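Put the complex together from the two separate chains, hints included.
Protein chains in written order, with my numbering: chain E, 1 to 402; chain H, 403 to 750.
Just to be clear, a hint being listed does not mean it is correct.
[Claimed, not checked] FRET-style restraints, in silico, Cβ to Cβ: (1) H/Q720 x E/A314: 55 to 61 angstroms; (2) E/R23 x H/P530: 23 to 29 angstroms; (3) H/R731 x E/P281: 52 to 58 angstroms; (4) E/Q300 x H/R510: 54 to 60 angstroms; (5) E/K18 x H/A491: 55 to 61 angstroms; (6) H/G690 x E/E301: 41 to 47 angstroms; (7) E/R133 x H/R441: 51 to 57 angstroms; (8) H/Q720 x E/D272: 54 to 60 angstroms.
Everything labelled a hint here was simulated from the structure, so no lab data went into it. Remember, it's a predicted structure, so these values are computed and weren't measured experimentally. All C-beta atoms in this analysis are idealised placements derived from N, C-alpha and C, irrespective of residue type, glycine included.
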Amino acid sequence: MPEVILSAQELVKHYPIKKGVLRRTAGQVKAVDGVSFDLHKGETLGIVGESGCGKSTLGRLLMRLEEPTAGKVIFEGADWSSASGREMRRMRRDIQIVFQDPYTSLNPRMTVGDIIGEPFEIHKDVVPKGGRRRRVQELLDLVGLNPEHINRYPHQFSGGQRQRIGIARGIALNPKVLVCDEPVSALDVSVQAQVVNLMEKLQDELGLAYVFIAHDLSVVRHISDRVGVMYLGRMAELGEEDEVYSRPTHPYTQALLSAVPVPDPTLRGKRDQIVLVGDVPSPANPPSGCRFHTRCWKAQELCSQEEPQLEMRADGAGEHLSACHFAEPRTIVETVDVSDLEPDARFVATDLRDDALAADAPVDLDQMAERSGQLHGDAGYAPQEVTRLIDEQPGDHRPSDG
Amino acid sequence: MTTQDTKPRSKTSGSQFSYTPQDGLLLEVEDLFVEFHTRDGVATAINGVSFNLHQGESLAILGESGSGKSVTAQAVMGILDMPPAVIPAGHIRYCGQDLLSMPDEQRRLTRGPEISMIFQDALSSLNPVFPVGWQIAEMFRTHRGMNKSDAIEQAIQLMERVSIPAARERVKAYPHQFSGGMRQRIMIAMAIALDPAVLIADEPTTALDVTVQAQIMALLQELQEERQMGLILITHDLGVVADVADRIAVMYAGRLVETATVHELYASPAHPYTRGLLESIPRLDQKGQTLAAIGGLPPNLMRIPPGCPFNPRCRMAQDVCRTDLPPLREVVPGRFSACHFAEEVINA
Numbered sequence: 001m002p003e004v005i006l007s008a009q010e011l012v013k014h015y016p017i018k019k020g021v022l023r024r025t026a027g028q029v030k031a032v033d034g035v036s037f038d039l040h041k042g043e044t045l046g047i048v049g050e051s052g053c054g055k056s057t058l059g060r061l062l063m064r065l066e067e068p069t070a071g072k073v074i075f076e077g078a079d080w081s082s083a084s085g086r087e088m089r090r091m092r093r094d095i096q097i098v099f100q101d102p103y104t105s106l107n108p109r110m111t112v113g114d115i116i117g118e119p120f121e122i123h124k125d126v127v128p129k130g131g132r133r134r135r136v137q138e139l140l141d142l143v144g145l146n147p148e149h150i151n152r153y154p155h156q157f158s159g160g161q162r163q164r165i166g167i168a169r170g171i172a173l174n175p176k177v178l179v180c181d182e183p184v185s186a187l188d189v190s191v192q193a194q195v196v197n198l199m200e201k202l203q204d205e206l207g208l209a210y211v212f213i214a215h216d217l218s219v220v221r222h223i224s225d226r227v228g229v230m231y232l233g234r235m236a237e238l239g240e241e242d243e244v245y246s247r248p249t250h251p252y253t254q255a256l257l258s259a260v261p262v263p264d265p266t267l268r269g270k271r272d273q274i275v276l277v278g279d280v281p282s283p284a285n286p287p288s289g290c291r292f293h294t295r296c297w298k299a300q301e302l303c304s305q306e307e308p309q310l311e312m313r314a315d316g317a318g319e320h321l322s323a324c325h326f327a328e329p330r331t332i333v334e335t336v337d338v339s340d341l342e343p344d345a346r347f348v349a350t351d352l353r354d355d356a357l358a359a360d361a362p363v364d365l366d367q368m369a370e371r372s373g374q375l376h377g378d379a380g381y382a383p384q385e386v387t388r389l390i391d392e393q394p395g396d397h398r399p400s401d402g
Numbered sequence: 403m404t405t406q407d408t409k410p411r412s413k414t415s416g417s418q419f420s421y422t423p424q425d426g427l428l429l430e431v432e433d434l435f436v437e438f439h440t441r442d443g444v445a446t447a448i449n450g451v452s453f454n455l456h457q458g459e460s461l462a463i464l465g466e467s468g469s470g471k472s473v474t475a476q477a478v479m480g481i482l483d484m485p486p487a488v489i490p491a492g493h494i495r496y497c498g499q500d501l502l503s504m505p506d507e508q509r510r511l512t513r514g515p516e517i518s519m520i521f522q523d524a525l526s527s528l529n530p531v532f533p534v535g536w537q538i539a540e541m542f543r544t545h546r547g548m549n550k551s552d553a554i555e556q557a558i559q560l561m562e563r564v565s566i567p568a569a570r571e572r573v574k575a576y577p578h579q580f581s582g583g584m585r586q587r588i589m590i591a592m593a594i595a596l597d598p599a600v601l602i603a604d605e606p607t608t609a610l611d612v613t614v615q616a617q618i619m620a621l622l623q624e625l626q627e628e629r630q631m632g633l634i635l636i637t638h639d640l641g642v643v644a645d646v647a648d649r650i651a652v653m654y655a656g657r658l659v660e661t662a663t664v665h666e667l668y669a670s671p672a673h674p675y676t677r678g679l680l681e682s683i684p685r686l687d688q689k690g691q692t693l694a695a696i697g698g699l700p701p702n703l704m705r706i707p708p709g710c711p712f713n714p715r716c717r718m719a720q721d722v723c724r725t726d727l728p729p730l731r732e733v734v735p736g737r738f739s740a741c742h743f744a745e746e747v748i749n750a
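Chain H on its own, in the form it takes in the complex (with noise of 0.2 angstroms):
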């Protein structure tokens, strides 16, 4: 027997588990639940979360700290730790397949070929002690098992491909040696290196300068359109998401309160949590605004408060608010919101 054989990084994943989209669907969350278990409580970070995932699509999954959108984003990728996360309900299928219920190495494989990620901050994402070039190269030898010399000659394609200017001379370069910017190609240039179905970026630019912002949103467009990736955007950002999202979730204390195109999400908001948001960000064009604050803070997820999770910032909260969860429901055909009152606020 080689030594070939027996390590896993042999393996190339294709031909082992395959996935098929039916009808282009990538990928189901249905009903998550994640909790966290602390010493102090349990804290609900994900509180029964649905939605799906078709190629070529782009979902923005808009929130702010705490609502749990990047809990969303680690519990699909499998990189939650576990404890102090439990999962106690739901499921996450891939291609028909939960993910949830996968055994440890099969879901493995599915990170890097099948779904990968990108985060905010690629400084402390890259490793400082080993060059960019070897980083990405490590893709290809632990999941395709190709030789350094072929491997490095990929990696050097795909920062190629990423605008990374003299890729050749810069593949041996370590991750403290380029800007912001650069490096978060490099990251992206590891994401795609396996042509993943499914990209998930947790707040991809956020860390970045508004001139660099706008080169890697433009870049991640042009990546996802020539594969037909579908493209998971979990950001805060309202101007990025107008820009680059076509179906918008909306979360708030763990649950999802809104889902919409982004066409209609903008124009006539559905729940009074994300037309706050809307109306208390200054624009660029616009002048002599008047900013709408929200008022008050997120609950703590600890003691989320009964009934709507909104309703203690909520002005047009009612009784039926305070006691009553409304559930995430169509309001008008292809809209979802979950207001007791949504129908009023879709029309306001």
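Bound conformation, chain E alone (with noise of 0.2 angstroms):
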């Protein structure tokens, strides 16, 4: 295995909860309670769980765009987490990080040559000064984006294209780890494979290592090569992908793959279903001994009282690690290996470059609604409404792809 880049070691966020009038602490929400693992050169690590278990205080922690409560990000050696000011800036430029949102992320006033460039801004010794402009240009050519576009503004562009200059700007200053935090789950289903082929593209290219947060199971099957399950602040397993899809040994891992849906109607009723019962406790007040136990049908006695650590268990073929008391293989997904297969050409998009057609069509009802809006200063007007109609739901931010 290559060379360990990233190492976090027991890292712990928790927050305060505030009260009365005095402000005094009344408790303390562990959002991160002890996560501990390794990054190597090159690798994908996925990181799953269900909202509210942490993973994206995780990836911030990993950024340090939150200081840990206790623990240590460990960087080529060197412990990021009490790194002074300028050794942090000059380390963020080998961690870089891309997030979920591509419409609130990137500043709706820059344009994206001004966004893509800002990190030379920053670190002035990366590009010479008069040479970032054919950097940025560079950059977008590399994520699949029109370089002629580079004086354009975010609204002019999908959400896929946004999450394209999310990348971008993550990668503009060559880092070594990339920070993932839900990258694809704002993007219609077309679009994602866009951007997930782009992110594989990026890493065969740059030998970037990923640290790939989101909660479907499934897309972090395809890109992770190894995958960690976080329950409530902790890492409930963590393995090989394979180890930890076809044979987990921890009942939340297990649980959770089974409430995946399979788009296969053949295996309809087929499959191996365990329907948990409640919902996450909150991280305020986490249970005792296993935080799983409340939730879970092997809980014994020995669950409430004492916490399981995270160590190597038997999986059935080999062994990989789980933080489960009775930690036992089951299959819950029988897996294919379809590396042989090739898709029908017909039908695949080869090149991952998408702007002949974005020119042609770069505004949606959405933009224009409220370009109406601002144009005609007319508050009264719906353009909020018309949106809301096309829309899936209010607040829902996805559908500016169409």
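Next comes the structure, spelled out in structure tokens:
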């Protein structure tokens, strides 16, 4: 296995709950509560879990966008979590992040050229001033956008294209690690595959290591070499992609896998179904012992008393990390190896570029509605209603792709 | 005259209008068009859509954002904001009666007892300032003229039916005091309160985690079977569809591009768009999969390309696709596709 490039060691992040007039601390939300893992050069580590499990906080801790309550982040042998401002800035060149929402993570008043070029303003020695524009155009080309669109604004792009801009900004400084926080979950299915394929291509070309945080277990399986499953701020299971998906030993992983719908109607009613009762408990007051014991069908007295450690446990064919006292493998999905299967060329987009089409359809209904509202300065006019009706639901950002 | 007689709420819908499905046929949508008239022009959100729904049947309308799937649902339910929406042509018949030409009051009385709907975002669909029990009970008070305590009692029973734990204690709780999954259960309780014949579920689980999604879909299926409702499931998720639907209608740019039974569609899609979608989603049960992305973007609804709306993204497109709009035609018995080369796709 290649060398370890980034290592999280017992990372903890607690957020205080303030109460009363004096804002006294009344408790702690234990968002991340002792998470350790290694990321190797050039690999993809997927982090999955349901909402509230702490996966996004973990991503922000790795980037040091949040200061850890305890624990360390070691990058190439140096402790990043205690580095000074100057050191940290230098190290940030090597660790970058792509955010989930391509609509709020790009400044609407900056051109694409300024957005992607901004890292060069901070890290002035990466590209000499005269060459920045050209470098930005190279980056646009690399992510499959038209370099001539450098002076356009974010609203002139679709959701998928905006996410490409976010990725271009993320790789601008040639980082070694890219933390991706739900990079494709706001995108439509047909566009999602374009971005996933782009990320795989970039990884091959640039030797990037990804921490890929997502709630979609199918996407994570597709892109990851190794996968960590989080539950209530702790790592429940961690192993090679095939170990976690084909031979899961933690009951939570098993339940999670059994709940994911598979796009194959012939499997209807034939799959191993584990229906979990109840909801995820509050991270402010996690259950004692094993955090999953309140919803686990295997739980015994030991589980509520003693917290199981994340350690190597037998999975039937070998062993991988699992945090369950009663870890045993259970096949939830029958994995089919399709690596030899080539998709029918008649239905495949061979190149990643989509600007030829985009040039023809740069404005969607949302934008049009927004724009007409702005142009006419008419708050009473119903641009938002138009948007909402065409959209799936208010507040859902996905629609702008269409 | 008592106040009871003057208030429309004292009416019970069944006494005034009755609807009986002929041969189990509940809903017929025929050549429906919906346009949005805005200052920048006219966007055609639905462009000649026809489908039927029978008793006890689950029909999935599958599409990406902007495909018109939600607008279709809203048109059937009669909750489109008009303007800006305009329905220039088409019929929506419920048990043989055209909903679009019905007087408003009669149409209003179909919402709830005949056709009802659940939405994606339960938090914004429920009223934050009223207890959930009150909101469920409102259905009985408004449509059945029930008194307050009977209505609350009914609400509690419904909450129990949709498996909300400690329903009697929580009937006075407010929406924010429930988790996302529980809120969706409350929405379902409201939707089934008056025993509708048609239930429209618009992305009912998109905002939920997978384990909760599985619970909610199981509940919906159970209720549908129990009450023999016709279910229209609006979704973009090919996995959910495979688990639940009997029949699928795939929408693209406001048109139906393919309809088939769920097994046929997954086994051999008859439209390049459907085929592309199926090949572009990562599957949980496969490793080493190559994702065959569909290039490009769905079209701007104000400038839908001439010919087949999918032609700019289609690898099979020929000259005819750029000039002639392919009609939705029966390719093999029971299967419809709007592609000039459907036979070639289905056998690929």
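Status of the hints after comparison with the structure:
no.	hint	in the structure
1	H/Q720 x E/A314: 55 to 61 angstroms	holds, 57 angstroms
2	E/R23 x H/P530: 23 to 29 angstroms	holds, 26 angstroms
3	H/R731 x E/P281: 52 to 58 angstroms	holds, 54 angstroms
4	E/Q300 x H/R510: 54 to 60 angstroms	holds, 56 angstroms
5	E/K18 x H/A491: 55 to 61 angstroms	holds, 59 angstroms
6	H/G690 x E/E301: 41 to 47 angstroms	holds, 43 angstroms
7	E/R133 x H/R441: 51 to 57 angstroms	violated, 36 angstroms
8	H/Q720 x E/D272: 54 to 60 angstroms	violated, 46 angstroms
Hint violations for this structure: numbers 7 and 8, all remaining hints satisfied.
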